[in-house]
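The residues making up each chain are set out below.
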Amino acid sequence: MDQFTLNLIVVGITFALYIGIAIWARAGTTAEFYAAGQGVPPVMNGMATGADWMSAASFISMAGIIALAPAGGYEQSAFLMGWTGGYVLLALLLAPYLRKFGKFTVPEFIGDRFYSGGARLVAVICLIIISVTYVIGQMRGVGVTFSRFLEVSTDTGLYIGGALVFIYAVLGGMKGITYTQVAQYVVLIIAYTVPAIFISLQLTGSFLPQLGLIGGYAPGGGEVSMLAKLDSVVTELGFNAYTSDSPNMFNMFLFTMSLMIGTAGLPHVIIRFFTVPKVADARSSAGWALVFIALLYTVAPAVGSMARLNLSTTFWPGAETGTALSAPALSVAEIDSNPDLSWIRTWEKTGLLTFSDKNGDGLIQYFAEKKPVADANTALAAAQKALADAAADADKAPLEAAIVEAQAAVDAALADPANGLGGQSLAELGFAGNELTKVDNDIMVLANPEIAALPGWVVALVAAGALAAALSTAAGLLLAISSAISHDLIKGSINPNLSEKAELLWARIAMTVAIIVATYLGLNPPGFAAQVVALAFGLAAATIFPTLMMGIFSKRINKEGAIAGMLAGLIFTSVYIFIYKGWFFFPGTNWLPDTAANYVFGISPLSIGTIGALVNFGVAYGVSMVTKAPPAHVVDLIESIRVPKGAGKATAH
Amino acid sequence: MADKSSANAYWAANVRIILISLVIWFACSFGLGILLRPALSGIMVGGADFGFWMAQNGSIYVFIVLIFVYANRMGKIDKEHGVEE
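In order, the protein sequences belong to chains A and B.
All letters in the first sequence, in the order written, are residues 1 to 653 by the UniProt record's numbering.
All letters in the second sequence, in the order written, are residues 1 to 85 by the UniProt record's numbering.
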């Protein structure tokens, strides 16, 4: 059976499963639509939270980001610790109290606790900015996965994904989404760990990838550890060692903190804790969520490091037993004749992997080009372009002279031993430059089974897993958006007399509109798709998290303080990001270049959420101190959410 | 809730557990995984140095244990103060 048919069968089976669950778990009341009737058992909720949380970025991109990071894989631990440590904050500081509050949305809590429709509105705005920016990335993930594995266009893939989410989210609301997410979790975790287990066995002889990460390198006899082997191969090729220290510890610290408090402030994650029966369940459910998330997150660094080692030894066959440069690089003839290497041509077609034989020796040399070589080559290319673009009657002599000069600079750079590998200059080695010109981060997970020559059904499984990851997160985000619109805007501010039945209808209409908008934005992504992580996490960290925390742990923070704090966090964080990434992400409108040298105290826009949260805390405290204390009924509310007793009824599922 | 003082005692016990947990949370991730990594470079966990392992795997295990221990202790405190559901 060919790969395409296999992919179709496996993906088809999983889709049929999701639709079947959606029909079984239809929502009949608003309580079921918004919070699954508050009757989801904690272990199930943990699984659903895992799928809700682990997005296309976690599944497809994270291992690749770790594997290919220029500064080394260690620095990217910020993602591993940040995207898990946030659950500790959720369990300790938010989940049990918000469950005790017993309502349906995050803005609703903020509106009640700060006795203000204005506060509720600001929270709705923050929630919609966070969730919409985040959902675009998920829809892109759906489109990309479809186009790669099911050979349809990205647009068609998006329509299919949008239609599927429509069926189970509009029909089932939170209840349908919850049980679909449980199934999606199972699909995505199997899809992620099966290839990892195979690869760990091949490279380290260890069945568990987590042990493989710290195990010995099996093809070399296990004498040297896998990480030491990886370090020696990549440093020999001029890259930073995988385990090398972060060049900027301060920023790594702030980035990790931003991701942690951002995670704890993401509305679609928080509302998952509204669905369990009891306050105690909200606490343990956060633990279960982390268990299920850890199954992927502790495997990810193993996948990243092993995929990097596999990639390096594929292009440098000598590295497997000796040093990389002890044998010639992989030849183009081998790529075209060896069926195990057919993945290279497959991925070349997608543009995610490109190579060119610059020195014409029929081999593809993959190494880190030193800056002088790269600069000289760029200058030469520019000179050649200038000559090609020159008008027919122009004086060509100076342009030709410039090319001769640029060529001489390239030759000098190639001949300089300082720019070479292993003490030899590139000219001595016969290299003209790095010939594996592009390896996209996403390849490390999507092509991993093919790189390791695993069977076709594993490849099909990865396709189904990537779709499950993207669809489950998209559904969670769409629910957060639609409930904010129907419950907080329509029922909360425009028409408080709305009947239960009418509100349920509005919730479904809002969900439908949200899906259409998300699909549209997936088809026509604003140029900033790559920056959304910074904005979504930064705003969640600077607005939602501090406000919820102060609402629970302080009796003194009042309406004025909360609104001022949220606005300050929102404005401060987005302005800092816009200064470096462009105003509202329009290209070319940034005030300062997005490089470390221009950052205030070296704080990258990705890490600014931590500072934004401090701004929010500070402003909220200051404003609250000079204004009136919250009224007595609010103090009663705070006292009531602090004790578990009397959380109210839940429905059995 | 019986009276104000028992509510305050419950909340104080709750906040104490949260603070202890947060210290552990911070120490194992930001402490061992980032700030102290260079100082701990000689200690190995299999083929990885301790700080590296804490950053890529170890902290996550600590986080899980931390949440379950917290949930368990809180369950007991809820009962002691008679505020469980």
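Quick caveat, the hints were computed from the structure, so don't treat them as lab data.
All figures in this text were calculated on a predicted structure; none of them were measured in a lab.
C-beta: ideal position from N, C-alpha, C; glycine also.
Don't take every hint at face value.
[Claimed, not checked] Stretch by stretch, here's where chain B covers chain A in the computed footprint (C-beta under 8 angstroms, at least three residues):
1) 90-97
2) 237-251
3) 290-296
[To be verified] Facing chain B, from chain A, some residues (calculated, C-beta under 10 angstroms):
4) 80
5) 121
6) 207
7) 228
8) 232
9) 256
10) 302
11) 553
TODO: Tell me, in ascending order, the numbers of any earlier hints that this structure violates.
DONE: 5, 6 and 8
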